[in-house]
Amino acid sequence: MNARRRAVFAWSFGLVLVGLALSLPDQSAATEWRATRGTGDLGLIIERTKGRILIIETTRRTVLKRLGGLGDLSHASAVFSRDQRYAYIFGRDGGLTKVDLVAGRIVKRVIQAGNSIGGAISQDGTLVAVSNYKPGGVRVFDAETLSLVADIPAKGAGGKRSKVVGLVDAPGQRFVFSLYDAGEIWMADFAGGTKPKITRYKGIGTLPYDGLITPDGRMYVAGLFGEDGLAKLDLWHPEKGVMRILAGYGRGERKLPVYKMPHLEGWAAADSKLFLPAVGRHELLVVDARSWKEVARIKVHGQPVFAVARPDGRQVWVNFAHPLNDTLQVIDVATMTIIKEFKPGKAILHMEFTPRGEQVWVSVRDADRVDVYDTRTFKRLTAITAEKPSGIFLSARAHKTGL
Amino acid sequence: MMQALDRIAVAAAALLLLAAPAADAGSPSASRQAELIYRLRQDCGSCHGYTLKGGLGPSLLPTALKGKDDDTLVHVILNGMPGRPMPPWSFEVSRDEAVWLVREMKKGLRDER
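If you read the protein sequences in the order shown, they are chains W and L.
Residues 948 to 1350 (our numbering) make up the first sequence, in order.
Residues 7 to 119 (our numbering) make up the second sequence, in order.
Calculated from the structure, these hints are not laboratory results.
Here a beta-carbon is modelled for each residue, glycine too, at the ideal position from N, C-alpha and C.
Please note: incorrect hints may appear among the correct ones.
[As the list claims (entries may be wrong)] Only some residues are given here: those of chain W computed to face chain L with a beta carbon under 7 Å:
1. K1144
2. T1146
3. V1205
4. Y1206
5. D1235
6. S1238
7. W1239
8. K1240
9. A1243
10. H1269
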């Protein structure tokens, strides 16, 4: 029996046990729990063109289930419930789908907007927020029932609704996000209940394209497409407002056209340094995490899309924009040099590390494959067939601010 | 003799040059069409959505493109929009291919018609 068949068998067996547990009237919830499995090594891969996810586990590195019916998953992303049993998947079509990773089924699905880009789960796990392009704004849902809790239209100057990007959760039951068209950062505070207190920061820069929060939940940073630098908000001192960082980077240099927007969500914090994709340049910017000054630039293969640090911070893995998207580079943080280059296939879209960093899962879209590498030896451990795979999300994200 | 050969070569080259635009003016080959549609969905789709309904960039569906000037759309594909995220694609898309893409997008992509 090969690994996949074994997994399918184990899966069916698990379902039979769950079925038995459910069919016996006097069985307690504890029986069902024993009949299923833990969730700390689970995750999912988005098959963007098929409206499907693969539920995976990283211990034996197998696919547990292919689950369809999730709508338009181009640019889809996911967050996890605090018990790591449920995934909330945000689709391009405004679909918000709650998936039970253990039972391998859709629990609930709502179409909450016409066009959306991503989402976040609140600190206490009770609220799921979705950032929408159409209608521009954020909608917040009850994590249990997916019923609407709050609607926050993102109206910039002149009352025009703006597309929302870079939505993250922050400590204190807050969500922070950026208004792409309006050039603002908003903070929505749900500590007082379901009616959020909104703080607006105007004039933060032109065309913020994505945002992130540092792993400690303190600094929110929005990348700017329309001008150099990034906008930073210190959530310990929100009264101080938004400051510009790296304002001078690239000044006077000609930017290259950008064939895929960089993502800041997976930015890398390692060795008290932050590694950021430079917009329109074949470079990573290295920023001192205390002074927020540029300390180095690393020349890389193409325009970086994701720069993700291995959880121990020793390596940063980088993928690139079209047409140079067939290459992965690994940077050694201690020496800030490229120590490894792979060419696994066309259109490397995403990388996700296991929680302690011994493996990295890499989606190779045009090869219809997800490769799993040992990050110490760089050996490929396995390859998983997936149709046009894009995002890979592991359940360990459940316990990380901003993911 | 050499001169005569040269003249023939020049004439042949000129004929080829004349012939080339005529050949290009038609639709791209079937395999190139498939490639272009794949790129349109997957790579243009990064911003415009896999179904072309829009994302960070605007919708490219027939309803959204209706009434928009073909030449302007071709120009935007080839040269991008300075100051906006739309990049120029002339490094891998020819003018005739851009013309074909605009026509296809205005009709709606075949697999969704």
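| query | Hint numbers the structure violates, sorted upward? | reply | 1, 2, 5, 6, 7, 8, 9
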